[in-house]
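Trainee: Dock chain B against chain A, hints included.
Number of protein chains: 2
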Amino acid sequence: MQRAIAILDSGVGGLTVAKEVMRQLPQEEIIYFGDNARAPYGPRAADEVMEFTEQIVGYLLQFQPKMIVIACNTATAIALQRIRSQVDIPVVGVIHPGARAAIKKTKNGCVGVIGTENTIRSGAYQQALQSISPTIQVVSLACPKLVPLVENRMFRSEEARQVVAESLRPLANSPIDCLILGCTHYPFLAPALSEVVGPRVSLISSADETAREISAILYHRGQLAQSGKLPVHRFFCSGNPGVFQAIAQEWLGEQIRVSPVMWQMTRLSAE
Amino acid sequence: MQRAIAILDSGVGGLTVAKEVMRQLPQEEIIYFGDNARAPYGPRAADEVMEFTEQIVGYLLQFQPKMIVIACNTATAIALQRIRSQVDIPVVGVIHPGARAAIKKTKNGCVGVIGTENTIRSGAYQQALQSISPTIQVVSLACPKLVPLVENRMFRSEEARQVVAESLRPLANSPIDCLILGCTHYPFLAPALSEVVGPRVSLISSADETAREISAILYHRGQLAQSGKLPVHRFFCSGNPGVFQAIAQEWLGEQIRVSPVMWQMTRLSAE
Chain A
67 MQRAIAILDS
77 GVGGLTVAKE
87 VMRQLPQEEI
97 IYFGDNARAP
107 YGPRAADEVM
117 EFTEQIVGYL
127 LQFQPKMIVI
137 ACNTATAIAL
147 QRIRSQVDIP
157 VVGVIHPGAR
167 AAIKKTKNGC
177 VGVIGTENTI
187 RSGAYQQALQ
197 SISPTIQVVS
207 LACPKLVPLV
217 ENRMFRSEEA
227 RQVVAESLRP
237 LANSPIDCLI
247 LGCTHYPFLA
257 PALSEVVGPR
267 VSLISSADET
277 AREISAILYH
287 RGQLAQSGKL
297 PVHRFFCSGN
307 PGVFQAIAQE
317 WLGEQIRVSP
327 VMWQMTRLSA
337 E
Chain B
67 MQRAIAILDS
77 GVGGLTVAKE
87 VMRQLPQEEI
97 IYFGDNARAP
107 YGPRAADEVM
117 EFTEQIVGYL
127 LQFQPKMIVI
137 ACNTATAIAL
147 QRIRSQVDIP
157 VVGVIHPGAR
167 AAIKKTKNGC
177 VGVIGTENTI
187 RSGAYQQALQ
197 SISPTIQVVS
207 LACPKLVPLV
217 ENRMFRSEEA
227 RQVVAESLRP
237 LANSPIDCLI
247 LGCTHYPFLA
257 PALSEVVGPR
267 VSLISSADET
277 AREISAILYH
287 RGQLAQSGKL
297 PVHRFFCSGN
307 PGVFQAIAQE
317 WLGEQIRVSP
327 VMWQMTRLSA
337 E
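Heads up: the sequence lines are chains A and B, in that order. The numbering of the first sequence is our numbering, which starts it at 67 and goes up by one. The numbering of the second sequence is our numbering, which starts it at 67 and goes up by one.
It cannot be assumed that every hint is accurate.
If chains are identical, the list can't say which one is meant, so a pair holds when it fits in one copy or spans any two.
Once the Cα atoms are required to be at most 35 Å apart in a straight line, the calculated DSBU-like pairs of lysine-lysine come out as [to be verified]:
(1) K85 x K171
(2) K171 x K132
(3) K173 x K295
(4) K295 x K211
(5) K132 x K295
By construction, these hints were calculated from the structure, which means they are not laboratory data.
One chain only, chain A, in its complex shape (with noise of 0.2 Å):
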């Protein structure tokens, strides 16, 4: 039986990392939830996080994938290690493959790092950065009006590129050599992040990185789906069908069926 790779995320954002899985691994199935009743996830309490991944983790376990993706850095940040340790398959965050590709690629050891509230009051990425390569110098800063824009359906706005541009400014002198995305929600918003950095500031996509380590870890498990055959996606979410498949639709260029998902979930039997 051909098993399926779990997508969760706060909302819209983890869809970045779902269109990346789509294109560089063409043959897996994807099955998608997005809790956009109660994003963004930014501001929310460490404990109601932790509880909202564990219920979502709850409700995808019984498709039987084989591997869980949480394509939320705030998630990741908070609930990451708990999940692992309460599934048997793996359990992909997207804060480490974006730490990885930004050692790559930094040439003066000067990271930047954008992201909610909580990813970076939780200091992840710099841990991830410099557990890694200690002598890595990191500037954080919390951009928490900028999942909104994406949510509403307004990150092709003239008012999205002012938001980005005055959410950037405190990064304006700074020696950093690359930024890295540090919320999946923020590759919707990559033209005008982009346009205020400027060339000499390379983005780094958590997203895309973690399309990329997710083929690496299925592969070293031997569990690559090689049907040869177009996998059928599924999409569910929590809050406004409608607006979410719009957003969907337009992201990932092609259609798709959304299902709505009542808040009467299964739990984690450990509870």
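Mentor: Same frame as chain A, now just chain B:
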């Protein structure tokens, strides 16, 4: 106890992997073996390459490494699966990391691969690329004259530039948008290669990509070194240690000590 990463190659080519491991994972200790007495492996019979690889792995196992890196595309194509079945630590080759990076990079789905006769004849890159992404087009080219230029320390010469230009001529009108350097010796020739293919074709170093994959695998196994101390690397070679040391020091940009190894090596116990 800190355990080292063991890296092997037919000669100095694997130093391109070692250098990237040193840069991306500065806390990891490396034990390197270059079989320069018997380089190049490219034109040798497959069973000979298999035997040499097993012999070197047997030698390296005495140091109880945590991972074996077959930093030679020829040996990866021929021996990776067999070595994997013989040892109980992860064995990483250089073909899949390069393939994955190309899949991530290519925009038009047309990828070039250059390598030794053995690597190209094996079809290993085509297999790796198309097993993941069946519609990728692959243009392969054997370049047997390049490894000797590197092993003889002529990689910066005008002759090297001419040999590279001549070797790559069959790719001149190819639609490829990225070119996998499917031999770990080739990054030594990167300036010439880059000049010949021009700015529209991205070079993908299987060496750099392998270093990143080593980082991912060690992280997911919880085996990244976290000493905070700089490690002392060890280098062994089967041939002329003077030439090996000169090339290694020039490439790595630091002083190293090389221990010559006589060819009465431990064999794998399975034999």
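Trainee: Which hints from the list above does the structure break, by number from lowest to highest?
Mentor: Hint 4 contradicted; others consistent.
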